[in-house]
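The residues making up each chain are set out below.
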Amino acid sequence: MKILIVGAGQVGTDIASSLGENHEITVVDEDAERVEEVTYNIDALAVEGDGTSMEVLREAGVDEADIVIGTTDSDETNLAVCGSAKTAGDPFTVGRVKKRKFLETWEPSPGAFGVDLMVASNVLTAEKIARLVVTPAAHDVDVFSEGTVQMAEFEVGDDSPVAGETVAEADRFDSLTFAAVLRNGDVVIPSGSTRIETGDRVVVIGSPESVHSFAVDVAPSGTPDKDADIVVFGGGEIGEVVASLLQDRGFKPRLVESEGGRARELAEELPETVVMESDATDRDFLERERIGDADIAVSALDSDEKNLLSALIAGRMGVERSIVVTENTEYTELFETVGVDVAVNPRQEVAEEITRLTQKNRTVGLALVGSEQAEVVEVEIDGESVFAGRTIHEADGDLPGGVVVGAVSRGVEFVPPRGGTTIHEGDHVVLFVEAEVHDEVLEKV
Amino acid sequence: MKLSVDLRAAIALVGSVLKYLTVAFVLPAGVAVYYGETVVPFVTAAVVSFVVGVGLETVCRGGGDLGGREAFLTVALSWLGVALIGAVPFIVAGEGVLASPMSAVFESMSGITTTGATVVESFDVHSRSVLIWRQLIQWLGGLGILVVATAILSELSVGGAQLMETETQTQNVNKLTPRIEETARIIVRLYVALTVAQTAFLYSLNAVGLAPRMTFYNAVAHAFTSVSTSGFSPEPRSIEAFAPVVQWAMIPGMLVGATSFILIYYVTHGDTARLRRSEEFRFYGVVLSVFAVTATALLVLDGAHATVEESLRHGVFNVVSMLTTTGYASTDFNAWSSAGKHLLFVCMFFGGMAGSTTCSIKMVRWLVVAKAFRRDLFKAVHPDAVRPVRLSGSVVDEDTVRDTYAFVLVSLVFFFGFTVFVAVDSARAAVSLDEFEAMSAAAATFFNIGPAFGDAGPMNSYAGFPETTKLGMVVMMWVGRIEIIPILVLLTPTYWRR
Chain P
1 MKILIVGAGQ VGTDIASSLG ENHEITVVDE DAERVEEVTY NIDALAVEGD
51 GTSMEVLREA GVDEADIVIG TTDSDETNLA VCGSAKTAGD PFTVGRVKKR
101 KFLETWEPSP GAFGVDLMVA SNVLTAEKIA RLVVTPAAHD VDVFSEGTVQ
151 MAEFEVGDDS PVAGETVAEA DRFDSLTFAA VLRNGDVVIP SGSTRIETGD
201 RVVVIGSPES VHSFAVDVAP SGTPDKDADI VVFGGGEIGE VVASLLQDRG
251 FKPRLVESEG GRARELAEEL PETVVMESDA TDRDFLERER IGDADIAVSA
301 LDSDEKNLLS ALIAGRMGVE RSIVVTENTE YTELFETVGV DVAVNPRQEV
351 AEEITRLTQK NRTVGLALVG SEQAEVVEVE IDGESVFAGR TIHEADGDLP
401 GGVVVGAVSR GVEFVPPRGG TTIHEGDHVV LFVEAEVHDE VLEKV
Chain C
1 MKLSVDLRAA IALVGSVLKY LTVAFVLPAG VAVYYGETVV PFVTAAVVSF
51 VVGVGLETVC RGGGDLGGRE AFLTVALSWL GVALIGAVPF IVAGEGVLAS
101 PMSAVFESMS GITTTGATVV ESFDVHSRSV LIWRQLIQWL GGLGILVVAT
151 AILSELSVGG AQLMETETQT QNVNKLTPRI EETARIIVRL YVALTVAQTA
201 FLYSLNAVGL APRMTFYNAV AHAFTSVSTS GFSPEPRSIE AFAPVVQWAM
251 IPGMLVGATS FILIYYVTHG DTARLRRSEE FRFYGVVLSV FAVTATALLV
301 LDGAHATVEE SLRHGVFNVV SMLTTTGYAS TDFNAWSSAG KHLLFVCMFF
351 GGMAGSTTCS IKMVRWLVVA KAFRRDLFKA VHPDAVRPVR LSGSVVDEDT
401 VRDTYAFVLV SLVFFFGFTV FVAVDSARAA VSLDEFEAMS AAAATFFNIG
451 PAFGDAGPMN SYAGFPETTK LGMVVMMWVG RIEIIPILVL LTPTYWRR
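Those protein sequence lines, which keep their order, are chains P and C.
Counting in the numbering used here, the first sequence tops out at residue 445, every number present.
Counting in the numbering used here, the second sequence tops out at residue 498, every number present.
Keep in mind the hints are simulated off the structure, nothing from the lab.
Heads up, a few of these hints could be off.
[What the hints assert, rightly or not] To give an idea of the interface, some chain C residues facing chain P are shown, with a C-beta separation under 7 Å as derived from the structure: (1) Asp384; (2) Ala385; (3) Val386; (4) Arg387; (5) Val395.
What you are looking at is a predicted structure, and each value in this text was computed from that prediction instead of being measured.
Idealized CB from N, CA, C, for every residue including glycine.
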């Protein structure tokens, strides 16, 4: 397929490198330096110029493109790219936006702005945070098959009852598969006798209920019930959506916003949320409101530094778990090293989402595990697949090592994957795939 | 100095109101003809009404459009004008106390403001046609306030109308329909339909033989004053005159009259879920139930009535009557124990829902005050919390919260001030009046309830008060009915200046 990506920032480059091996990629950016970087690092054609200009788009081959992705830092530019591309040919257009208002316009009438698929980073990020909040000890939670299947990555702490158990002992759930154990930066595909150690990260795939039950096993004390005290710092769009999602799930979060007018607006929008007008790092305020008693603090302020600071202060005051938004991808790991429990990067969320959605013909879902050492992919099975009409056990023989069948979904139904489970055409299979065998597996499947 | 108010526009509209009032005299005139009584009072009044109305229209022709400022003046003057012209039949008929202009104006103002305070002492001297005019003027008063409150005051953001809007929960429009005329038409239709239904219901009790005294005349007369929650009765002993079943049957009429007509409109169009969603409606139900149960319990404990059914009936009936600002009495509650009387006295400060025919402070204001105060308590513990006041899920803006606090406070200040006036004026005129009687008479007129306690009790009359007190009451009924602000604003210099 011919894919045209406008915007060679973090997201654009990420998408280009994940799709580059199988597709013909062209990247457009105004910035000469970025264009140069793309040319050197990625197997893609790079064009320098304004992506909203028809001339530049033509030069980049918009007429023959199958997919056009607008992913610059400006929402409006991205929409203009999609709109322009639609007038040039008939590509499938993907527009990335930050602001929810565009999504709200687009959702009821897909095709608005000439966008076939809109990806809103603030909403995606907020959804991810909400999933993390309700799943204790999770570092990552992604959904597949429209919510039928979940993948989660847990860190096993030293007080976790799971620590020291073998996988067979820990696997008490019918519809849960242990896909991998990440230990010291390595990916281990576990067998029943693999022992789970403190500090390991465990990747499980299963039905949402079983993933949640396992989460409770991993961190019994951290399980948020409806009375859980959740504090959200920052009433920007991410903060607002997080609070509103938590509210919808029956929680009564507290939301701290420093600007008075915005605080009032939020308070009006969010009836079940207690909105506070204060600076998130104001110690007097934090003590007065006993923020230290909170179970989870979510930092979604307007800068990474403020987020880190607020998370660290909250942590010192006694908050058990901190989830932080980082705009800068380089900070993600750093933050987790210095004491933040989970760092969520909107750009990574968006890149994953766009990649998974543009691979839609066959591979319908994707999540990156660890530092891209492995992926979780969702594949719709067609007649030529190694799985078609065969049991998992039979198909497994034809696949390389480094692959785990995590879950099978048939329509909206979750099918626990056992060796003897027969997979039919049209089923969705969620696979855990190590990076080195990725291409080989996808070809066979 | 140049006036900033378009007097012509405002007064011309008052003229139109008076002109249309002429039509109203057809009913009492017809009744007079039917019973062979004199039609002179009504013909005279009709002529006066028509001449004054057309005269004002003609003199003030050429005014501009009616704006917000003019609306205040129009509303205030309309009530005053109708009250004055409404007194004409009483004066011309010259029956009993109503022959005195002061008393006639008192009765007429009490009528048009849906108060129900009467100076009539002996009902026998009055012709049926005069008595039905007394009922009709209350019905017109109820209709007037509905139209004004829903269609005009809501535009001016006074009179609890802003609160009523949030109760309707329509997102795009703050009224039933965007056009005042259309709103008014819907309200009028609903009001007439409810009156007809109430008449039919009361008369059907007579038809099946349960209520011999509920003649067609009485059915119409009481339908007029129950749906409008105003409380005049052509019977000297008010509702005590009727069988228990009639007393029970009158309760729903008052309750409906005290319910927001906007809510009733939606319910009659099948949206009954709205009743449950409306916090004001739930609050109204709870307050009413608490008072009714307490009153019944008190009556049972006091042994004031022979049977439990009687205690229950009189407890519920009189609480509903006072709380909805109707002012009927199913028994002489003046004879109740002190506790019972004080309970009814407290009911006077509530009133029904906004957008109904009731007067007084109204449920929605108390609800907003309670919610706002609860918010303040929360903020005392969490000084940084930002917490809007919500009513049925919609946010009440802070200006409205402040206005509501202010209205409740001003109402209470007016009540206290007027109590002092009533007490002092009675002392001056050497009329004996104890403090509870003064307070209850002040509240019963200012909050447009009607009967009070003591000399102004349900089976007595206001005739004994000094003329000056009566004049004060006429003014206070007027001010109270149109919710203070449209009249107070006329007293501010800025209203008249640019």
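Quick rundown of the hints versus the structure:
1. Asp384: Holds - the Cβ of Asp384(C) comes within 7 Å of chain P, reaching about 4 Å at its closest.
2. Ala385: 5 Å, holds
3. Val386: 4 Å, holds
4. Arg387: 6 Å, holds
5. Val395: Given a least distance of 5 Å, the restraint on Val395(C) holds.
Checked against the numbered hints above, the structure violates none of them.
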